[in-house]
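Undergrad: What follows is the residue order along each chain.
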Amino acid sequence: MLFKIAWRNIWRNHTRSLVVIAAVAVGLFAGMFMIAFFQGAVKQEIDSTVETQLSHLQFHNPAFIDDKDANYTIYNGRAIIDILKRDINVKAVSGRVITTGMISSSSTAAGVEIHGIIPGDEKTISSISQDIVEGTYFTGLKKNEIVIGKKLSEKLGVKLHNKIVLTFQSKSGDLTAGSFRIAGIFRSRNSTFDEITVFTQFGDLAALLGTGNEVHEIAVILKDGQKVEQVTKMYKKAYPLLLVQTWKELSPQIALLTGVMDQMMYIIIGIILLALMFGIINTMLMAVLERQREFGMLMAIGMNKPRVFFMILLESVMLTCAGIPAGILLAIGTVGYLSKHGIDLSSISKALSQFGFSNIIYPDLQHSVFLPIILMTAFTAVLSAIYPAIKALRFKPAEAIHKI
Amino acid sequence: MKTIQRILLTALALFIISSFAYAQSAKEIVTKAEDNIKGLSSVTEMTILIKRPTWTRSMSMKGWTKGEQYSMIVVTAPAKDAGTVFLKRVKEIWNWLPNIERVVKLPPSMMSQSWMGTDLTNDDLVKASSRIDDYNHKIVGDSVIEGRKCWKIEMIPLASAAVVWSKVNMWIDKKDYLELRLEFFDEDNKLVNVMQGSDIRTIGGRVMPAKLEMIPVQKKGQETIITYSSAVFNQPISVDFFTTQNMKKAK
Amino acid sequence: MYFKLAWRNMWRSRRRTFITISSIFFAVIFAILMRVAVVGLFDKLIADTVSLTSGYIQVHHSGYWENRSVDSTFEDNPKLTAILNHEKEVTAWAPHLESFALASSGNRTKGIMVTGIDPEKENAVSNLSKKIIAGRYLTRNDKGIILAEGLAAYLKLKLNDTVVLIGQGYEGNMASGKYAITGIAKLGIPEMNKGMAWLPIAAARDFLSTGARYTSISMLINNQARLDKIKQSIIDQTRGAGYEIMTWKEMIPELDQLFQAKMVQNEIMSGVLYLVIAFGIFGTILMMLNERLHEFGILIAIGMKKGLLSAVVVIEMVLMSVVGVVLGMICIYPLVLYYHIHPIKLTGDMGKSTELYNIEPVIQMSTNISNFIIQGYVVLLIAVLLSLYAIFKIHKIKVIEAINS
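Protein chains in written order, with the numbering used here: chain A, 1 to 404; chain B, 1001 to 1251; chain C, 2001 to 2405.
Isolated chain A, as found in the complex (with noise of 0.2 Å):
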């Protein structure tokens, strides 16, 4: 009987109605797009650093990390590669020879991090072949292709097509150098990254190196990012002397910031909740002062307190029930939209556009915040009716009647 009063009082008055099942619609949205947002945030963070640099997960010969001498290279590694390929949660796999040596023009040399990669697998796990700004990534026509980052290239005063000079240590710990030729330029989002790396092709490397087909590096993209650590730890096992490590564990700033952020999503949420709490706690109040008449009216035909406790309570369920499938459908609507198109970050702040590089964030909603989303948003509305509620049951039946 309680539901069907509620529910009369609802269509009794249309705008406020709409005004809680809106304000709870927009509350769901909020907070799902929020989360999808940052979702997408951090997920671009990481893609981005995963996929110039760091893979999801890499293998290391553990004397390697310290000294980069070419003789600590994956024990098996060819082998390795090819279980890794058969990996179902494995998307993408490449081995490199990496040195540590000098590339020097006619004008300057600089230190650098000499990589030895297979174009073809390379392409699969790095982005660097499209972030090629001249020339192109390897034709693997040519022998002796280099491909240098621009800050390098502007370091040493060359062009495409112009000669340099790789000057290392080989195997053997003898000098060794060799000349290549520009075949392409990249520009990545680290210049650092830019000026220190430089890639050439497996055998031409690996042939100066005395390496033979050894790698010193195997680098893992996974179909599912989310799935690193469990990989990782497999691959740990099944190989306790190789160094086998997640991203996070190579780069363990990065980890961090990331991690901030994370933790700054719930607080932001948290607040953002508590706004939405407070808005219904006021339209709620000032729904019920101005049905102080009407609540008057009820207690003193005998309906008692409890009854009208509740039914104000009722009424913010049902209102609430309504809302939240409103808000479903406008964030699915909108981050459907947006995830597809993506929101970009550099036209709304030009002091970030000047970077030249694209930030463009795919909100995306996993369906397992769904249920969390919704019973938080409907306990907050629910909650936040009561304190309403309470204040309706201290008028006066004879006072509210005479109000005006």
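Every clue listed holds true.
Over the 10 Å line for every Cβ pair with chain A, so calculated as not near, a few chain C residues:
id, residue
1, Ser-2072
2, Asn-2123
3, Ile-2300
4, Gly-2303
5, Ile-2315
6, Met-2329
7, Val-2378
8, Lys-2398
The list that follows gives simulated cross-link-like pairs (lysine-lysine, DSS-like), each with its CA atoms no further than 27 Å apart:
id, chain 1, residue 1, chain 2, residue 2
9, C, Lys-2156, A, Lys-171
10, A, Lys-150, B, Lys-1219
11, C, Lys-2178, B, Lys-1088
12, A, Lys-159, B, Lys-1167
Some chain A residues close to chain B (C-beta under 10 Å, calculated; not the full set):
id, residue
13, Thr-100
14, Gly-101
15, Ile-103
16, Ser-105
17, Ser-106
18, Thr-108
19, Ala-110
20, Gly-111
21, Val-158
22, His-161
23, Leu-166
24, Thr-167
25, Gln-169
26, Asp-174
27, Ala-177
28, Gly-178
What the hints contain is simulated information worked out from the structure, not anything from laboratory work.
In this text, all values refer to a predicted model and were calculated from it rather than measured experimentally.
Cβ coordinates follow ideal geometry from the N, Cα and C atoms, glycine included.
Place chains B and C on chain A using the hints.
TA: Showing chains B and C alone in chain A's frame:
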């Protein structure tokens, strides 16, 4: 007709043979000039003057070489640096630093650093032997330098050579096969480095330029000048002389 | 006259006025809280990262940053130090004499950066003494050296062992020296932890034969928002002396890019918050108008012009909004100040590893007044704009219906 044909054929044949001979000759000339410098062994005394836009520095040194692969140089002046020794064994470079009493081996990362603060790099000292093998040589003209007739030889590095230059011009004196001038060009055909020999005298029984200037053309006001004051050639020196232990005793 | 009417209306229903003011009050509070938390977080992250590396602003010899050569140094100039000391917004400054060198022990050699420091001043800027994990920090007259932990490990050296440094000194001089290890420091960033060493400036000058010269002076400032103004002030005061003055944004552009991106993300999220706040305020306004429909109906019926009524109602709203905003700003300030002095510690396993990176995982709310004012202004704007709806609603009133509501 036959006669004309014969004459033409012969002329063509001679032309081909002579140009062939000419190309070989260029390489031979360079080889002779290089051998001149390497000698078999030498003991020299020299002064190095380093000029920069804002300062100048002078060092005196004594050096021993055996072939192209072994050399040891000790600084004799100024007092602050006296006793510092530089040792090259094939492709390794070592330093002896008396003020800290340590022998240090130069890692590859220091290879492109300047040698003793000059316009030469450590790299230059280690790799000089490639001038014969890593280039194609061609005589492109004649010149006169320091009153001496010279061949101007154009050297283009082989595609596989680990050389940063696109072209090196060398002037070699016709009489004594002295390398009197070298010009190093980058791929835009810009002149980057010049090495100029002058003050040609007889030292230790050989005719050689007593003064060598290394000039980085693009850097204004900068150059390195090596002046030889004395030299003794082909005195037998054993390979065992060039050891890290000997560095500490070098005088 | 409008004002008097508005004022009286407000006091007629205390409850209604109170509810309206409180909706704005809370809106401002949340808007401010979110902003100071996020801005404070970013400011602290920047401060932590920057203090260990570049400082906020650096002074170099003109052209130094391009090729970092030890020949590009500047003299120790009392006029410059006087300017820096005098500049109130510079809270600390530290001179450096820095150069690439080879560190060697036995047959192990590694290329490193060696920095000559003034130990006290350096500590005020980068807190280096807190990173010492073995031995002790340097004093000005020490002859010893501090090695980064990874470097010491690579060279297989411990406290009191000797390490040799060689390199290229000033004006072509050869630089060489041997030093006893006084302390070992641990830095969070692996590249830095494997390749840095610190000497007292006197020893560094000796090593590089530079005499009284520096490669850079870095400084901390107290108000990040005034970064460019402070830089300009120093440029103006040192004009003609041949210095280049750079901010961390110029020296570490990647970090700037990261934070700019974060700021934009924050703007978007603030937008969402404003949306929620706006709905809350709107709901209150709507209900208020609904509640007073009867009152409005009677007023119009007895002859009040709709325009006048609208104006009065809007003025009421503006007054209440201003009160709400101002009260909100004042009331939340003590809380923000408290969390500025006692930042909120973020939990999770991040907590353990972060001291290393010199990044404290805390939310230190920013007490910068501009944050308060900006948010107050925005909320006020939202409230006033929404209150204009009243004009619309009043205009639509059908008098008979209104009186009977």
